[in-house]
Amino acid sequence: MDAQLSISKLTLAFGAVRALDGVSLDVAPGSIHAIIGPNGAGKTSLLNCISRVYQPSNGAMRFEGHDLSRVARHNLVRTGIARTFQNIALFKAMSVLDNVLIGQHSRMGLHPLPGASGLGRRLLDAAGAAVEPLASCLYFGPIRAREAAHRAEVEDVLEFLELQQVRRRPVGELAYGMQKRVDLARALAARPRLLLLDEPMAGMNAGEKEEMVRFIRETNRERGVTTVLIEHDMGVVMGLSEQITVLDFGRKIMTGTPAEVRVNPRVIEAYLGEDVTRVQEEEAAAGVSATESGAEFLTAFEAVPSAEERE
Amino acid sequence: MIVTRTGQFKKSYAADAAIQRTNLQRIAFWGFVVAMFVLVPRVLSTVWINNVNQVLIAVVGVTGLNILLGYTGQISIGHGAFAGVGAFTMAVLNNRWHVPMLVGLPIGAAMAALLGLAVGIPSLRVKGLYLAVATLASQEILSWFFEHMEWLTKQKTSSVDVRAAWLHIPGILNHKFKTDTDLFYLFGVIAVVTVLATENLMRSRIGRAFVAIRDREIAAEIAGVNAFSYKLLAFTISAFIAGIAGGMQALLFSRAQITPSQFDINLSINWLAMNIIGGLGSVPGAIYGATFLVLLPIELRNWITSFRGSYRWLADHYSQIQDVLFGLIIIGFLIFEPDGLNAIWLRIRRFFTHWPFAA
Numbered sequence: 001m002d003a004q005l006s007i008s009k010l011t012l013a014f015g016a017v018r019a020l021d022g023v024s025l026d027v028a029p030g031s032i033h034a035i036i037g038p039n040g041a042g043k044t045s046l047l048n049c050i051s052r053v054y055q056p057s058n059g060a061m062r063f064e065g066h067d068l069s070r071v072a073r074h075n076l077v078r079t080g081i082a083r084t085f086q087n088i089a090l091f092k093a094m095s096v097l098d099n100v101l102i103g104q105h106s107r108m109g110l111h112p113l114p115g116a117s118g119l120g121r122r123l124l125d126a127a128g129a130a131v132e133p134l135a136s137c138l139y140f141g142p143i144r145a146r147e148a149a150h151r152a153e154v155e156d157v158l159e160f161l162e163l164q165q166v167r168r169r170p171v172g173e174l175a176y177g178m179q180k181r182v183d184l185a186r187a188l189a190a191r192p193r194l195l196l197l198d199e200p201m202a203g204m205n206a207g208e209k210e211e212m213v214r215f216i217r218e219t220n221r222e223r224g225v226t227t228v229l230i231e232h233d234m235g236v237v238m239g240l241s242e243q244i245t246v247l248d249f250g251r252k253i254m255t256g257t258p259a260e261v262r263v264n265p266r267v268i269e270a271y272l273g274e275d276v277t278r279v280q281e282e283e284a285a286a287g288v289s290a291t292e293s294g295a296e297f298l299t300a301f302e303a304v305p306s307a308e309e310r311e
Numbered sequence: 312m313i314v315t316r317t318g319q320f321k322k323s324y325a326a327d328a329a330i331q332r333t334n335l336q337r338i339a340f341w342g343f344v345v346a347m348f349v350l351v352p353r354v355l356s357t358v359w360i361n362n363v364n365q366v367l368i369a370v371v372g373v374t375g376l377n378i379l380l381g382y383t384g385q386i387s388i389g390h391g392a393f394a395g396v397g398a399f400t401m402a403v404l405n406n407r408w409h410v411p412m413l414v415g416l417p418i419g420a421a422m423a424a425l426l427g428l429a430v431g432i433p434s435l436r437v438k439g440l441y442l443a444v445a446t447l448a449s450q451e452i453l454s455w456f457f458e459h460m461e462w463l464t465k466q467k468t469s470s471v472d473v474r475a476a477w478l479h480i481p482g483i484l485n486h487k488f489k490t491d492t493d494l495f496y497l498f499g500v501i502a503v504v505t506v507l508a509t510e511n512l513m514r515s516r517i518g519r520a521f522v523a524i525r526d527r528e529i530a531a532e533i534a535g536v537n538a539f540s541y542k543l544l545a546f547t548i549s550a551f552i553a554g555i556a557g558g559m560q561a562l563l564f565s566r567a568q569i570t571p572s573q574f575d576i577n578l579s580i581n582w583l584a585m586n587i588i589g590g591l592g593s594v595p596g597a598i599y600g601a602t603f604l605v606l607l608p609i610e611l612r613n614w615i616t617s618f619r620g621s622y623r624w625l626a627d628h629y630s631q632i633q634d635v636l637f638g639l640i641i642i643g644f645l646i647f648e649p650d651g652l653n654a655i656w657l658r659i660r661r662f663f664t665h666w667p668f669a670a
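Protein sequence lines, in the order shown, are assigned to chains X and C.
Heads up: the first sequence is residues 1 to 311, going by my numbering.
Heads up: the second sequence is residues 312 to 670, going by my numbering.
These aren't lab readings, by the way, just hints derived from the structure by calculation.
Built from N, CA and C at the ideal position, the CB exists for glycine as well.
No false leads were slipped in.
Pairs of lysine-lysine, DSSO-like flavour, derived with a Cα cap of 30 Å: (1) X:K92 <-> X:K209; (2) C:K322 <-> X:K92; (3) C:K438 <-> X:K92; (4) C:K321 <-> X:K92; (5) C:K487 <-> C:K465; (6) C:K489 <-> C:K465.
Now the in silico label distances, taken between C-beta atoms and shown as ranges: (7) X:E162 <-> C:R337: 29 to 35 Å; (8) X:G141 <-> C:K321: 17 to 23 Å; (9) X:D125 <-> C:Y629: 53 to 59 Å.
Please work from the sequences and hints to get the whole structure.
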């Protein structure tokens, strides 16, 4: 099947440091695609390139035929891509409601005579944008109706993510797991066809993680949203994703199904270091264990059935 | 039915987005407005009506600044100059081409808006302190321009004589705004319209985009907000309202002259202080801040000069004492109540809505 998102030989350099070095990646429409790798592997850099936070130094990114490197950051949503953030970049002072409404921003412009097309359409849109400030100050008919209609849409998203209870609360006051959910709500309000999730479960407890997994899976299945996610919890990654891409030091190690990733020696190497046994012996001698997280990673690999195994 | 917020349920999304969310708030707001229009001219002395007029000018100016600083998070130390552009445009049009003052007022505001747009362009690249310096530079350049525009005013100095404001529609209306009471009615209408228009703007798509840029610019852009055009829009709207405040200032002095020194950096800093003390990012806050900082020096002067007999020294050094007190108040607010007078008011209100169940 043709890829919906296609990245080829992407390189991002900060001076001499190459955060990404010739990474290529294809994401099939409707799939859940995870990106994993040790800290500093370039996962977030990759997401930041796709979402136009960084301009890559080299390589190509295509989404449904659009060349993403030519898309301005604020037009990303119009292209069909939305994202969440690792460190929750919500609008702290605004209510949950207003945060989610911002997700609908680009769909809320004034477009007089929706039927028109071509040059007339562009002139009408320009006229709509020109009168919008004054019309908003008066808050008359069309503006009032538009606000109410979009409020109704927001309520759908709030219901889906079970956020109705807190809709009027400023997001800064909410618990961490709740804020992560508002971040997802804001992204979903944009009605994306591709959703980029940067560690959606970081810092959550088991219950919160379980809920988030459910939301991600429902978003993918019921709304048909292609999902690219970065996640450190291997249990979640193995259970959720159809394809996994492993990055290390800015380079791609492999892309494959969870079953393939699990047995790939280079992946295990990337997580555990070059000579596992030698390091472990040295550690045993010194009485410390830096490879503990690596061991946990392996356990998770073996314990969790992958998506295709379940089905 | 008058009820408080507790236990009141909305039946439509439009009602849920209202500015005054309960009937009590609605009655209180409009009751206050009507009471002011009825009582101020009848109860207060001429001196106090003049004070109220100055408050109304500051309310409009600070509301304008608040859109930029409080809501969009872009600092400007050039709003005094924008006000000056509004005032001088209106006064020169009136003085040289006999354009009625009330026609000149929106023209002056539009001129200020154009300059605001131009001054806002650096905000694409520079932020925070650097933007403050850039706007400060524009304040100084415009101040210099005001000092050297005899060629424009066609008078010996840069000051412009202004005649009484009048609204002349042939055959229908020919009204001169001569007295402080006349101006009070005019200013009152302008202030109420400005405040309500700002509230409306801030509860719509544009206002949300402003606040999003203030809170998280990159996240706002990824959510689809074109940060640069919205910053320019904030500068433009904000300067437009500052231009109106400048025009009001010119009308207030319409029996004398307006001079460049009325629109120097002091005005910019005063509005900034009013915005901070009232509470950034809140329309009522702008009103509280403007009222507080306009009336405080006036009351302070009355109080200090009453010591003329016994504490001569105090009365002699009045202006220095005022500066020191001003500085102390601003520092005090920044440390103890960064959200300003509005936060104090909200706390008082919360106490009474929850009383006696919680304090």
